[in-house]
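Hey, can you work out the whole structure from these sequences and the hints?
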Amino acid sequence: MTQTPHESKHLESAPDIIVARDVHKYFGSFHALQGVNMTVKKGEVVVIIGPSGSGKSTFIRTLNRLEPHNKGEITIDGIELREGSNLDAIRREVGMVFQSFNLFPHLSVLQNVALAPMKVRKQDKATAEKGAMDLLERVGIANQAAKYPAQLSGGQQQRVAIARALAMQPKIMLFDEPTSALDPEMIKEVLDVMKGLARSGMTMLCVTHEMGFAREVADRVVFFDQGNIVEENTPEGFYANPKHERSKLFLSQILGH
Amino acid sequence: MTQRNSILQGVLLLLFVGVLLLVGVQVAEGIARNKIGVDWSVFERKASYGNDDVNYLAKFFQALWFTVRISLLSIVLALLLGIVVGVSRLSSNPVVRGVSSFYVELFRNTPLLIQIFFWYFALVAALPEGVRLALGDALGNAFNVPGLGEAVIASVGALSIYTSSYIAETVRAGIQSVPKGQFEAASSLGLSGTQSLTQIILPQALRVVIPPLGNQFLNLTKNSSLVHAIGLSDLFFWNVQVQSGEGQGVVAIISITLGYLLLSLTITGILNLINGRLTLPSR
Amino acid sequence: MPAVLGLTGGWIFFQRKLGVLALSSSLIGVALASVLLWPMLFPTQIVGGLAMSLILAFLGIVFSLPLGILFGVGRTSSLPIIRRISNVYVEFFRSIPFVVVIFLFYLNLPYVLGNNTQFQAVVLALVIFTSAYVAEIVRAGIQSLPRGQTEAARSLGISGTQTMLSVVLPQALQNMIPPLVGQFISLFKDTSLTSIVAVLELTGVARGIQSRILVANFEVFLFTALLYFGVAYGLSRLADALEKRGPVAR
Ligand SMILES: Nc1ncnc2c1ncn2[C@@H]1O[C@H](COP(=O)(O)OP(=O)(O)O)[C@@H](O)[C@H]1O
Ligand SMILES: [Mg+2]
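Protein chains in written order, with this note's numbering: chain W, 2 to 258; chain V, 1084 to 1366; chain F, 230 to 479.
Hints were generated in silico from the structure; no laboratory data involved. Take the hints with a grain of salt, since some may be wrong.
[Said to hold, decoys possible] List of simulated lysine to aspartate or glutamate pairs, DMTMM-like, C-alpha gap at most 20 Å: (1) W:172 x F:469; (2) F:473 x V:1136; (3) W:148 x W:89; (4) W:123 x W:135; (5) F:473 x V:1252; (6) W:43 x W:78; (7) W:43 x W:217; (8) W:43 x W:84; (9) W:196 x W:186.
See the structure below:
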């Protein structure tokens, strides 16, 4: 294992919260994940990067079984993901934020955040909305609570999506290119929320090409190519001198030289 | 599949079958109580209508064949009319556009049965004597219903015009579905107007048009069951004869249901084949 | 309304037979329209032809909604038996003509429902038949939603049933309103087929008049057609307006 954890976090002593062993995924005959192995410690922040089509989304979607894997083992907080396991229970522990926000357009911002606590945790409306307001406060858009998603900017929508996921008090947060659909001036407001979350000790897996974010808060960078992990490194190590040829090539492409 | 799901499915299946059985048993009892009897040998009896000396089995196939033929003729006419009207709706000439819109709205928003009666009782009668007799004779003979030629004119007229108003909408939507950028891209590549139309626009429009068009063919075939109301001996007419003339309503309705299912499934099968060929690969 | 129709009809009549006084045919028009609209021709009838057509269509669409939603959702189910039952139901009723269903129910259902239940049987035929089409509208409404909606809900741990009830259906139903109005228009026109089993709705009354007086066929069916057209066209404008307002914003 190549990880060099942040000193302040004491990750060595933390328990494993995600264990993926030899994970394979096929779309028809297409082999999208080719035996991925990854272990994530509680409180760890992992950034996943890699070229388009390399299987990044597919991998993190197998972690809450939006895509069932075909072979291998995935264990989330001690519970193995497989046919018949209590999916809803696992999904409560794992929050997800999508590139395209996927807010519910027929519900107000507040209702978007309060829906799952009410339907899943069976909270009464007042409690759920109180919790929702607190979270909206935390992501900085409490004043937009009564609006509908279509009335918000992309950056605001994505912050609502983060609040919505946090409302289930997940132990793990998955982010799939949360800033790729955003205009540059909105990227920062979303990244700031994510950084705050990272510093609060949340376990995070983020597919993102934001180098600043990775350098500032990630414990580890994982590079995907052609359905598998090609390199794992510290952020500093990965961006300064990548070990693998394909990582070098990829970095030179995204950095534009 | 979790165990809970399997149980749920089993319960629902039982419920569905249960309801079907319950209704079936009650109907069967009612039929027995009223001494109607279900006698499949009715097919061997000599038909009490028509002047050819054949049994109901032969009549059934004649009727099926009649339904097929009148549907086919009407489909061809409906398609031709529909394309003309559909293209006219996009015309730059406001009069052409207005007239074709009026045509579509008028015929789509009036029941087909009323249109059939209108044709039969009013329009055909208003045709010039010579045309009416000549066309009536020709169609009556072509469809093996001598003397009922006027009903054939009315049926084909009503079916094809009614359906053409739907086809016109389909055609219009198909042409409009091709983004303007496609015209622009084609002409900026140096393709001529006709080339753009035949190489770029129509192949794309067709993909959009063919599924709903197929649906219209299906609808027309089902709608042809209304021509019995003006005395034409199609499948439904056969059903009415066997029900009222021989008292075998159950046999009659089961038989024509199967007949129409056969026609619909055949059309659907052909359409699926065509759609399969036309679908562009995508994720 | 009858007066307007009368005048229009009179004008057409005038065009057709130049020389006949437009006024007199306007009077025919008014008389006809009244007979078509009010229950004056048939003593057993309690409402007029047009009212009967509207009542039939209304009953048909209202009661077909729950069934249609059930089978429409069933067609998108991940449970194969439920999906298959729903598919068979929908495909069966979409493959046979409406008159066949009406005839089938009219003749056989009174055995289940009891004596003198022909009217209920016809209404049930409208409901069952329409629900197959409503199911298609529901399925299309559900499947036109972006997949991300279900994924977002499921990733929050919301159950499949809850996702359907509080995320998918509310949006799908809103998108389904214009096609449902369209279905109501179809059904309204299709109520004319119940005249084949002697229900006295608009077409039945028109045929009654026509077969009694045997003259003025043109006027009888023209006026009937115009009455249908008025309602159907008006509703189709409404559907267009609803559609223009667009699906739920996202
Ligand atoms: N639902 C799907 N059906 C078929 N192929 C898919 C599907 N989802 C992803 N793929 C394929 O799997 C590969 C990996 O996709 P993805 O995980 O989305 O890549 P990334 O997120 O790294 O860009 C791609 O080649 C993509 O085309
Ligand atoms: Mg991706």
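- Keeping to a limit of 20 Å between CA atoms, is the pair of residue 196 of chain W and residue 186 of chain W held or broken? The hint holds at about 17 Å.
- Holds or violated: residue 148 of chain W to residue 89 of chain W, with C-alpha atoms at most 20 Å apart: At roughly 29 Å apart (the allowed maximum being 20 Å), residue 89 of chain W and residue 148 of chain W break the hint.
- Does residue 473 of chain F pair with residue 1136 of chain V here, judged by a C-alpha cut-off of 20 Å? Violated. Residue 473 of chain F to residue 1136 of chain V sits at ~59 Å, over the 20 Å cutoff.
- Message: Holds or violated: residue 43 of chain W and residue 78 of chain W, Cα atoms, limit 20 Å.
- Response: 9 Å, holds
- Item | 20 Å Cα cutoff - pair residue 473 of chain F, residue 1252 of chain V | 17 Å, holds
- Would the pair residue 123 of chain W and residue 135 of chain W pass a check requiring their Cα atoms to be no farther apart than 20 Å? Holds. Residue 123 of chain W to residue 135 of chain W sits at ~18 Å (cutoff 20 Å).
- 20 Å Cα cutoff - pair residue 172 of chain W, residue 469 of chain F: Status violated; Cα separation ~48 Å.
- Task: Take a quick look at whether residue 43 of chain W and residue 217 of chain W sit within 20 Å of each other, Cα to Cα.
- Result: 18 Å, holds
- Message: Check whether the Cα positions of residue 43 of chain W and residue 84 of chain W lie no farther apart than 20 Å.
- Response: 25 Å, violated
Going through the hint list in order, the structure does not satisfy hints 1, 2, 3 and 8.
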